[in-house]
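Q: Given next are the chains, with one letter for each unit.
Number of protein chains: 2
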Amino acid sequence: MAEETLAGQVLKLHGLPMSSCTTRVMICLHEKGVEFELVPVDLFTGQHKQPPFLDKNPFGQIPVLEDGDLTIFESRAITQYISEKYKDQGTDLVHPGSLEQCTMVKVWSEVESHQFNPVISPIIYQFFVEPLQGKSPDQAIVDENLEKLRMVLDVYEERLGKTKYLAGDFFSLADLHHMPFLFYFMKTPWSSVVDERAKVKAWWEDISSRDAFKKVAEGMKFGEN
Amino acid sequence: MAEETLAGQVLKLHGLPMSSCTTRVMICLHEKGVEFELVPVDLFTGQHKQPPFLDKNPFGQIPVLEDGDLTIFESRAITQYISEKYKDQGTDLVHPGSLEQCTMVKVWSEVESHQFNPVISPIIYQFFVEPLQGKSPDQAIVDENLEKLRMVLDVYEERLGKTKYLAGDFFSLADLHHMPFLFYFMKTPWSSVVDERAKVKAWWEDISSRDAFKKVAEGMKFGEN
Chain A
14 MAEETLAGQV
24 LKLHGLPMSS
34 CTTRVMICLH
44 EKGVEFELVP
54 VDLFTGQHKQ
64 PPFLDKNPFG
74 QIPVLEDGDL
84 TIFESRAITQ
94 YISEKYKDQG
104 TDLVHPGSLE
114 QCTMVKVWSE
124 VESHQFNPVI
134 SPIIYQFFVE
144 PLQGKSPDQA
154 IVDENLEKLR
164 MVLDVYEERL
174 GKTKYLAGDF
184 FSLADLHHMP
194 FLFYFMKTPW
204 SSVVDERAKV
214 KAWWEDISSR
224 DAFKKVAEGM
234 KFGEN
Chain B
14 MAEETLAGQV
24 LKLHGLPMSS
34 CTTRVMICLH
44 EKGVEFELVP
54 VDLFTGQHKQ
64 PPFLDKNPFG
74 QIPVLEDGDL
84 TIFESRAITQ
94 YISEKYKDQG
104 TDLVHPGSLE
114 QCTMVKVWSE
124 VESHQFNPVI
134 SPIIYQFFVE
144 PLQGKSPDQA
154 IVDENLEKLR
164 MVLDVYEERL
174 GKTKYLAGDF
184 FSLADLHHMP
194 FLFYFMKTPW
204 SSVVDERAKV
214 KAWWEDISSR
224 DAFKKVAEGM
234 KFGEN
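Protein sequence lines correspond, in order, to chains A and B. The opening position of the first sequence corresponds to residue 14 in my numbering, with each subsequent residue numbered one higher. The opening position of the second sequence corresponds to residue 14 in my numbering, with each subsequent residue numbered one higher.
Isolated chain A, as found in the complex:
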C-alpha cells in the first residue's frame, strides 16, 4: 500500500452532517483519529446531480472521500479504506491479524448491507423524508418493513447473547455501519422494536455512548427543523 505518497494531505469528505451515509464515514474517521475536512454538498440546489460532483460519484450521491488523487464513493467502501489504511491507529475496526475475526467482520458487515439496511431504510424514508416532500408516510410500507426488522433483530438478539458485539467480543465496522439508521430509528414511534430486545437494547446503548459517535450525533438533526 503506497501510503507514503498520500501522507500529509488532509482527507476531504464531501457530504452533510445529517446524512446517514456521510455520518457512517464520519464515525469511522473519529474512531480512527483521522483528521478530515467536511466539504458541504448543497442537495437542495441539486449540486450532487451535476458536474463536477458527478465526476466524483457518477451515481450523484453523498458521501465522497478524496485522498490525494484517489476518489472513493459508497460509504461502506470508504469505511473499509479508512480502516485498512490507518490500521495502526485508533480503534481496530477490521482485525486483519486474525482470520476468524476479520472474516466475522465481513460476514456481519454483509448482514448489515443485505438483511438490516433493506428493511430499516424504507421506514426511515417514510418517517423522515416523505413529510419533507409534503407527503404522508405510507403506513403499509412501514408495517411491512417493521415486521421484517423484528425478524432481523430476533437474530441479532440471539447473536448478542453469545458475543458482546456482532462480529465477536470487539467493536468493529460491522457494528459501526448500523449506527446512523439506528440513531434515526430510535427517534421514530417504533423504537420499542429495539427496546423490547434486551441484548439489542444494551448493544445500542453501548455503541451509541462511544465518544466518536457522540461527536457525530450532535450534527444529526434530520427532520428536526
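Which copy? The list can't say, so a pair holds if one copy fits it or any two copies do.
Within a straight-line C-alpha distance of at most 30 angstroms, the following computed DSSO-like cross-link-like pairs (lysine-lysine) qualify:
#	residue 1	residue 2
1	Lys62	Lys161
2	Lys227	Lys200
3	Lys212	Lys161
4	Lys161	Lys148
5	Lys69	Lys161
6	Lys228	Lys200
7	Lys69	Lys234
8	Lys69	Lys214
9	Lys69	Lys175
10	Lys62	Lys214
11	Lys214	Lys228
12	Lys227	Lys25
13	Lys98	Lys177
14	Lys228	Lys62
By construction, these hints were calculated from the structure, which means they are not laboratory data.
Start from chain A and add chain B according to the hints.
A: Chain B alone, transformed into the frame defined by chain A:
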C-alpha cells in the same frame, strides 16, 4: 492468517446450483481453482429454516461455507474470504498489492450491493419466483425497477467506456458479484436493457464467456422445469 491450520480439508459449500447466491460463490471457487464439495440443501422441505442449518446461518439462507471450524454465510463475505485466503492462486480477484486497485474493487462491489442488486432482484423475483408460487408477476414492480436498472446501467456504460471492467482494466470480484442475476436477467423479455448499451453488452459477453462461469452456468436451470 492461520491458513496452515485449515490446510488439507476440502471446503464444504451448502447450497444449490440454481441459487444465484450459491453460484456467486461457486464462480469464485472455480476462478481461484479451489476444490470444494457442494452439499445440497433441500429448500422445498424447509431444511434451511430448521436446525441444524440455522446453527450455520441464523437467517436461514443459502449458501454457507464451512472451512474446518470456520462457518461463513452471506455470499459476498464468502467470496472475499476465498479471494483473500487463496490470494496466491488462480485469478487475482481483489488486488491487495495496489492501494488504488483494491479500493476500486471495494467501491464497485458496494455499487453492486447497493445500486444494482436492489433493483435487479425484484425483477428476477417477479419473473422466476412468483410463477412458481402460482402468482402472476406484478408488472408495476417490474417496470419501476427496470427504469431504475436503466439508470444504473447508464452509469456502467460510461464507466466501461473508460475501463475494461468495473474496478479497472482487470476482472475482479466487483464484476463477478453481478454474474448470477445478470445471467437470469438475460433470460427475461427485458434483456434489451443490457443489449442496448454497447459497452455493458460487450462486458457481459466477455465475463460470461470465462471458463469458471461456464462451468457454473450449466447448472443454472431456475424456472426451466
